[in-house]
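One line per chain: the protein sequences are X and L, in this order. Here the first sequence stands for residues 1 to 533, numbered as in the numbering used here. Here the second sequence stands for residues 1 to 353, numbered as in the numbering used here.
Please keep in mind that the hints were generated in silico from the structure rather than gathered at the bench. Ideal placement from N, C-alpha and C gives every residue a C-beta, glycine not left out. This list has only true hints and no planted wrong ones.
In silico EDC-like links for lysine to aspartate or glutamate, alpha-carbon gap of 16 Å or less:
no., chain 1, residue 1, chain 2, residue 2
1, X, Lys282, L, Glu48
2, X, Lys153, X, Asp207
3, X, Lys282, X, Glu65
4, X, Lys276, X, Glu70
5, X, Lys111, L, Glu48
6, L, Lys307, L, Glu51
7, X, Lys111, L, Asp65
8, L, Lys307, L, Glu48
9, X, Lys276, X, Glu65
10, X, Lys198, X, Glu349
11, L, Lys263, X, Glu306
12, X, Lys198, X, Glu147
Stretch by stretch, here's where chain X covers chain L in the computed footprint (C-beta under 8 Å, at least three residues):
no., stretch
13, 158 to 165
14, 210 to 216
15, 220 to 234
16, 253 to 264
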Amino acid sequence: MKRLNCAILALLMILGLSACGTSSQAGNNSGGQTLGQGRGVTLRILSGSENRELEEILNAFAQKENINIEMDYQGSLDIMRTLQGESVDYDAVWPASSLWLTAGDTQYRVKHAESISITPVIFGIRQSLAEELGFVGREVSVSDLLEAIQSGKLRFCMTSATQSNSGCSAYIGFLYALLGNPDVITAEDLQDPALGEKITALLSGVDRSSGSSDWLKDLFLMGGYDAMVNYECLIISANQELAARSEETLYAVYPYDGMFLADSPLGYVDNGDDEKEAAFLKLQAYLLSDEVQDQIQRTGRRTGYEGVAAENEDVFRSDWGIQPQRVLSPVRMPSTEVLMECLDLYQTEFRKPSLTVYCLDYSGSMEGEGRTQMVEAMSQILIQENARTNLLQASEHEVNLIIPFEGEPRNVYSATGNGTELESLYDTVASEEALGGTDIYAAAEEALRQLKRYDLSQYTPAIILMTDGVSDGSFSDFQRYYEACGLDVPIFSIMFGSADPTQLEDLAELSNARVFDGREDLVGAFRSVKGYN
Amino acid sequence: MGSKTKWIGFLILLAVIAVGGIYLLLGGGQSPVTLRGYVGGEKIGLLEDPEVQGILEREYHLTLDYAKAGSLDMVTADHTGRDFLFPSSQNALEYYQQVCGAPVKSEIIFNTPIVLYTHTPILEAFRDRGLVTEREGCYYMDMEGLVAEIEAGTTWAELGLPELYGTVAVNTTDPVRSNSGNMFAGLLANVLCGGVTDVEHVEEILPRLCSIFERLGYMEASSSDLFDQFLKTGMGAKPMIAAYENQLLEFAVENPEDWEQLKGDIVMIYPTPTVWSSHIYIAIDEAGAAGVDALLDEEVQRLAWEKHGFRTEVSGTDSDSGQFGVDHIAAAITQVAAMPSYAVMERVLEALS
Numbered sequence: 001m002k003r004l005n006c007a008i009l010a011l012l013m014i015l016g017l018s019a020c021g022t023s024s025q026a027g028n029n030s031g032g033q034t035l036g037q038g039r040g041v042t043l044r045i046l047s048g049s050e051n052r053e054l055e056e057i058l059n060a061f062a063q064k065e066n067i068n069i070e071m072d073y074q075g076s077l078d079i080m081r082t083l084q085g086e087s088v089d090y091d092a093v094w095p096a097s098s099l100w101l102t103a104g105d106t107q108y109r110v111k112h113a114e115s116i117s118i119t120p121v122i123f124g125i126r127q128s129l130a131e132e133l134g135f136v137g138r139e140v141s142v143s144d145l146l147e148a149i150q151s152g153k154l155r156f157c158m159t160s161a162t163q164s165n166s167g168c169s170a171y172i173g174f175l176y177a178l179l180g181n182p183d184v185i186t187a188e189d190l191q192d193p194a195l196g197e198k199i200t201a202l203l204s205g206v207d208r209s210s211g212s213s214d215w216l217k218d219l220f221l222m223g224g225y226d227a228m229v230n231y232e233c234l235i236i237s238a239n240q241e242l243a244a245r246s247e248e249t250l251y252a253v254y255p256y257d258g259m260f261l262a263d264s265p266l267g268y269v270d271n272g273d274d275e276k277e278a279a280f281l282k283l284q285a286y287l288l289s290d291e292v293q294d295q296i297q298r299t300g301r302r303t304g305y306e307g308v309a310a311e312n313e314d315v316f317r318s319d320w321g322i323q324p325q326r327v328l329s330p331v332r333m334p335s336t337e338v339l340m341e342c343l344d345l346y347q348t349e350f351r352k353p354s355l356t357v358y359c360l361d362y363s364g365s366m367e368g369e370g371r372t373q374m375v376e377a378m379s380q381i382l383i384q385e386n387a388r389t390n391l392l393q394a395s396e397h398e399v400n401l402i403i404p405f406e407g408e409p410r411n412v413y414s415a416t417g418n419g420t421e422l423e424s425l426y427d428t429v430a431s432e433e434a435l436g437g438t439d440i441y442a443a444a445e446e447a448l449r450q451l452k453r454y455d456l457s458q459y460t461p462a463i464i465l466m467t468d469g470v471s472d473g474s475f476s477d478f479q480r481y482y483e484a485c486g487l488d489v490p491i492f493s494i495m496f497g498s499a500d501p502t503q504l505e506d507l508a509e510l511s512n513a514r515v516f517d518g519r520e521d522l523v524g525a526f527r528s529v530k531g532y533n
Numbered sequence: 001m002g003s004k005t006k007w008i009g010f011l012i013l014l015a016v017i018a019v020g021g022i023y024l025l026l027g028g029g030q031s032p033v034t035l036r037g038y039v040g041g042e043k044i045g046l047l048e049d050p051e052v053q054g055i056l057e058r059e060y061h062l063t064l065d066y067a068k069a070g071s072l073d074m075v076t077a078d079h080t081g082r083d084f085l086f087p088s089s090q091n092a093l094e095y096y097q098q099v100c101g102a103p104v105k106s107e108i109i110f111n112t113p114i115v116l117y118t119h120t121p122i123l124e125a126f127r128d129r130g131l132v133t134e135r136e137g138c139y140y141m142d143m144e145g146l147v148a149e150i151e152a153g154t155t156w157a158e159l160g161l162p163e164l165y166g167t168v169a170v171n172t173t174d175p176v177r178s179n180s181g182n183m184f185a186g187l188l189a190n191v192l193c194g195g196v197t198d199v200e201h202v203e204e205i206l207p208r209l210c211s212i213f214e215r216l217g218y219m220e221a222s223s224s225d226l227f228d229q230f231l232k233t234g235m236g237a238k239p240m241i242a243a244y245e246n247q248l249l250e251f252a253v254e255n256p257e258d259w260e261q262l263k264g265d266i267v268m269i270y271p272t273p274t275v276w277s278s279h280i281y282i283a284i285d286e287a288g289a290a291g292v293d294a295l296l297d298e299e300v301q302r303l304a305w306e307k308h309g310f311r312t313e314v315s316g317t318d319s320d321s322g323q324f325g326v327d328h329i330a331a332a333i334t335q336v337a338a339m340p341s342y343a344v345m346e347r348v349l350e351a352l353s
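For reference, chain X alone in the conformation it holds in the complex:
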């Protein structure tokens, strides 16, 4: 009987996991996941999204040791900011690179940090395109890639440099190349106006942006894109999926003068609980054991001291351009100070300007707490002093539109740039009253109508739809309208109150976007979704 229970439980876990893998729904920190049986000590781990692929391995440990593991996923830079906070509500952190641990742990709360695996940040380019560009079977420099991007032959997806380690790595690699490969980037280098022009032109080749590496892979798999910058391990897993579907796989390009490594350190956050510390050390020892290191290597990550084992070369496939025996020689990361300056410039000047339409639900049910929280959330984005703390500031040329809606869209308010116009949008948000019904489709349709008036190739466009109720109107009518528009615009939604997740997921699936759960932390959800463009 007991055995049967276990089997059922295991089955439920597997179902739970696969549901999580395929669903576009996510919590405010890009989706939490609880592993384990609900008894025993619980370890709450704040992790980069690339570790989502290790859930099965973590779950085996959780089941065996009766230790629960709660995984919360955030970009590495968000993890850094969490560590810098007054208190850290986690037992462990697992960012993509130790850089963010060092920069974040200013209060010395992290101990026992050890690298679990290594993976480089590389380009994955559709095989035929890589061949056409002449990137197959030879050493490629960042300048080679830049040339292809600037001539319009190569467009790519990357994560936001200010939210995620992989995007940040790629961006810093670009800066090195554009500066003529100095030993290290200095603050003076960044003052060069020519650099600003070149990097802005380069980043205009970004098709889609994302707040996290794992979701970037998911987005890529939704189809229609040529290339992405991501971890070698995620390029491998994307290829496994593409190969399973008999679709064209990606060819791995390792830019020799602009590559970075992610060393995936798992560290304990010391809040003075001995039981948790013991559980953590057990987990870390498990992950570093020979057997599990081999399992992790089978997920496309480099582990151990001897490199990729011969029997795992079927994972690190050379016909995909993967080079398991390559000596990974990264460029130098600039000092933390210069790095932060680079990120600030990315956010405010260099990145492709975003064009965001916020559709905000002011139906009657939002009255009270809902409306208050939504206004607070928007203040985190629109008031630039607040936005700066999370590196979410607006850039000089970006456009923000607000469409307050109920049963129909009420009005359209817009602001260009990052000055007073933008902050006055906040006054609008704060003054709208909550009354009437709910129709998300009418609001989203109005948003698309507004977007048609812009040259979208100059922007990273997105619709951010926040709603708290079941919507009137018809999805299929909306779908027809969306498809007729022919715009590649994601409709991200933030679920609140008694919103219907299936209605929102339909929109996400239609537009290659995702749903954020704002029911527990609406402000956090707004911040996360904003990190996607």
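Chain L: place on chain X using the hints.
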């Protein structure tokens, strides 16, 4: 010395028996006192050693609870609820005295020299270049020659290592935050000056020193993290690092299987000259003072060398380094220069911050 030690041992035994008897009379053991403090990362292996913990608990009724911090960072960190600091240099003590006044007690517990770690192909490249020489089974780096290559911007490819990107460099921890980097900065300052740098001469070489460190970009804050990454990220990421001698010795004892895989590739090179890192225990309150005697315990000192590679009074002869299984360990560290004075290092740090 030997018989004296035996006598002390005997007395300790008597004391233990006596104390044990008193416990029994009182009807129970005394629970250990926990001392809390900041510790440089390279000493964590020692403090986590169950044998060491056992001795501290049994003989001294102490548990040491620590948070990891850089040797200089810990001086200015929040000391609320902390009993001790355990940094890795005399200079940290001087810094402490300047910031916080005289400590309750302080004592050097053990020493370890700064060394260079690299990979065999890189060692060979340096030997071909005439910068590394072998004497009595140990490798020595001509620091003046190395600094010249660094300053000239020689690329790894020019040394015959085309698989490595960029110019010759030694990765260290951030000299402003952590001791091993700080000591390496002192060592380089000496090399640039052609002798132990003093207040008069340091100004002349500061621009060159700053340029060497600036070109490193991001630096780790902790010696243990730097060493962990050196081992795990392979030859390409951190071709050569400056760290403590004890780090490799301890790693080899604690991870014999891993070391077996690595020993063909990883090598230790002694800089000529090098500097000593003195690991000094600073009690910042009365309770913390008890830690000094406990760490100077003869058994603890023996374990510090045999399992963790720290050179102590009981170690350092050529006959007793076999347990590490590490080749090329120097029997004695002879080519040592004094660190520049605290006043000089203060100036160096100011310039590097």
